[in-house]
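Could you build the full structure based on these sequences and the hints that come with them?
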Amino acid sequence: MSNSTDSWSRFDRRERLLRFFGLLAGLVILVAAWRAMEVNYGYAVTAPRELADLFGRMYPPNVGYSRKIVGPLLETINISILGTALAIVMAIPVAFLGASNTAPNKPAYLLGKFIISFTRSVNVIIWALIFVVIFGPGALAGVLAISIRSIGFTAKLIAEAIEEIDRGSVEAITAAGASPVDVLIYSIVPQIKPAFISVATLRWDINVRASTIIGFVGAGGIGVPLQTEINYFNWEAVLTILISILGLVLISEAISAYLRKKVM
Amino acid sequence: MLTVDNLEKTYDSGDKALKGVSFEVSGNEIVAIIGPSGAGKSTLVRSINRLTEPTAGRVSLDDTEVTGLDKSALRDVRRDMGMIFQEFNLVERLTVMENILSGRLGYLSTWNAFRRNFPPEDIKRAREILSRVNLEGVENNRADELSGGQRQRVGIARAVIQRPKILLADEPTSALDPDTSREVMSLLTDIAHEDDIPIIINIHEVDLAVDYADRIIGLSDGEIVFNGPPDDLDQAARDKIYRGGESIADREGPSAGSSTDSDDVIAERGD
Ligand SMILES: Nc1ncnc2c1ncn2[C@@H]1O[C@H](COP(=O)(O)OP(=O)(O)OP(=O)(O)O)[C@@H](O)[C@H]1O
Ligand SMILES: [Mg+2]
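Sequence order for the protein chains is B and R.
Just so we're aligned: 93 in the numbering used here is position 93 of the first sequence, and the numbers increase by one with no gaps anywhere.
Just so we're aligned: 71 in the numbering used here is position 71 of the second sequence, and the numbers increase by one with no gaps anywhere.
Treat the hints with care, as some may be off.
Unchecked claim - Mimicking BS3-like on lysine-lysine, the simulated pairs with C-alpha atoms at most 30 Å apart in a straight line are:
(1) 19(R) / 71(R)
(2) 106(B) / 16(R)
(3) 19(R) / 240(R)
(4) 193(B) / 124(R)
(5) 106(B) / 261(B)
(6) 106(B) / 71(R)
(7) 71(R) / 113(B)
(8) 261(B) / 193(B)
(9) 193(B) / 106(B)
(10) 16(R) / 240(R)
(11) 19(R) / 165(R)
(12) 193(B) / 262(B)
(13) 193(B) / 71(R)
(14) 165(R) / 124(R)
(15) 193(B) / 113(B)
Quick caveat, the hints were computed from the structure, so don't treat them as lab data.
This is how it looks when you write it as structure tokens:
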């Protein structure tokens with residue numbers, strides 16, 4: 001038995017129609033994009049064989065080679081740490097500009113927002129290319145690429161933490177005759193500290209992964225030997241490098257997750 | 001002595017929160033400011049130390065005219081005015097000790113503030129105050145681990161360590177239960193007498209004001225409509241503050257018992 005008060009549906013008629021057409025439009029776009037790619041299906045047919053062949057040549061990984069990649073691996077870690085540290089130093093002032101409650105004025109606020117969007121919108125590989133052109137190949141270009149790329153993300157999340165602080169203690173400390181800098185040190189910094197540490201470690205974790213690829217454009221780290229060995233078809237060495245990257249990423253992820261949990 | 005002379009505040013929104021308020025406070029007087037919600041009580045106390053910037057009129061503390069000081073001189077005069085807040089306004093993630101010491105930041109260089117390097121006198125005084133407000137043993141706890149009453153006592157300690165010439169309190173008991181409210185009110189009166197400083201207290205509960213204040217200022221719609229000792233706060237005065245002059249008797253008929261109200265007051269003042 002169903003009368004009108006018993007029946008219930010999640011969407012009314014208009015919403016159902018909207019959802020239907022939304023889904024249809026999504027499918028049309030997908031098909032159009034697929035056709036525009038002009039995929040060569042011939043490659044798809046041979047792909048499984050190529051894959052098996054590649055694995056055959058990769059296996060077993062070259063264990064002796066692992067000694068040679070210790071240096072580049074350390075360099076990768078150094079790039080990620082220095083890049084993150086530099087990013088944080090630059091992101092802190094940007095965050096205070098980009099937070100509506102600490103920006104000194106509207107133009108400064110907009111400048112902060114612009115720096116945040118701009119540094120985020122350019123990919124790390126492009127930053128690396130730019131710095132390799134300016135400073136030559138090597139770890140310095142990598143550190144700069146990583147740090148510039150990270151400013152936006154770091155500053156944005158810190159700015160959000162600043163905007164969410166409780167104004168009460170800011171007021172109380174101001175009322176005691178403290179200067180704005182005292183207020184910053186004593187009220188704002190303690191309040192954003194947990195967010196700050198979690199943003200820094202999360203970004204470092206992301207930067208470890210980024211540091212493994214910027215070597216492809218000459219910006220130092222494990223990516224440099226990886227590209228060389230691929231060019232020389234040294235597949236057993238390539239597998240060794242890939243395994244080492246996997247290990248590095250897993251370790252950094254674990255460390256970063258642990259630190260973030262600790263400050264909560 | 002604090003002198004408030006023709007103080008006005010019109011917010012950017014156009015709200016006229018204060019319409020020319022004048023009064024004086026001196027000695028170790030406890031002055032309670034009462035009035036309905038939106039009367040301008042918070043605006044008034046916050047205009048005294050210029051957390052809210054008044055739009056006209058004058059505030060003077062002793063010989064210093066607070067209104068019209070530049071930023072740096074304003075900071076100096078704020079050191080002489082302790083403030084206590086309804087929501088305590090502590091830095092929740094810092095310890096009780098750090099919160100109390102923050103009352104001395106106005107006297108500390110930025111570098112010393114950064115290193116939390118307070119002079120030994122401040123630390124000694126913080127410990128004394130800690131026992132005065134009955135918080136011994138929790139000085140190293142984080143503020144967010146305390147109860148409401150304890151937090152307000154930290155807020156009071158932070159104001160007292162300033163060695164202020166006056167205390168301003170904006171509804172210091174509104175977030176507390178009745179018993180704790182009374183504890184906080186007696187603590188404030190003790191401080192006024194021991195340190196010989198006046199206190200201005202915004203307060204919602206008229207009974208608390210009558211019990212603890214030496215003088216009551218009634219604020220209604222941005223104007224002072226009553227200014228006198230608690231004994232003078234009769235039903236007519238209350239009507240004026242809370243009902244814009246319209247009396248309970250007018251509304252509820254001649255038999256409505258306004259006498260029971262004053263009986264309550266007498267009973268409470270008796271204990
Ligand atoms: N920041 C502000 N911007 C605009 N108007 C404000 C602001 N703060 C207060 N007002 C207005 O000023 C008037 C007085 O407010 P105020 O907070 O001083 O009253 P109050 O007596 O403290 O009230 P309550 O008992 O509710 O705390 C009210 O009309 C209020 O709407
Ligand atoms: Mg108020």
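Here's how the hints hold up against the structure:
no.	hint	verdict
1	19(R) / 71(R)	holds, 25 Å
2	106(B) / 16(R)	holds, 27 Å
3	19(R) / 240(R)	holds, 17 Å
4	193(B) / 124(R)	holds, 29 Å
5	106(B) / 261(B)	violated, 36 Å
6	106(B) / 71(R)	holds, 21 Å
7	71(R) / 113(B)	holds, 29 Å
8	261(B) / 193(B)	holds, 13 Å
9	193(B) / 106(B)	holds, 26 Å
10	16(R) / 240(R)	holds, 19 Å
11	19(R) / 165(R)	holds, 26 Å
12	193(B) / 262(B)	holds, 12 Å
13	193(B) / 71(R)	holds, 28 Å
14	165(R) / 124(R)	holds, 20 Å
15	193(B) / 113(B)	holds, 21 Å
The structure shown violates just one earlier hint, number 5.
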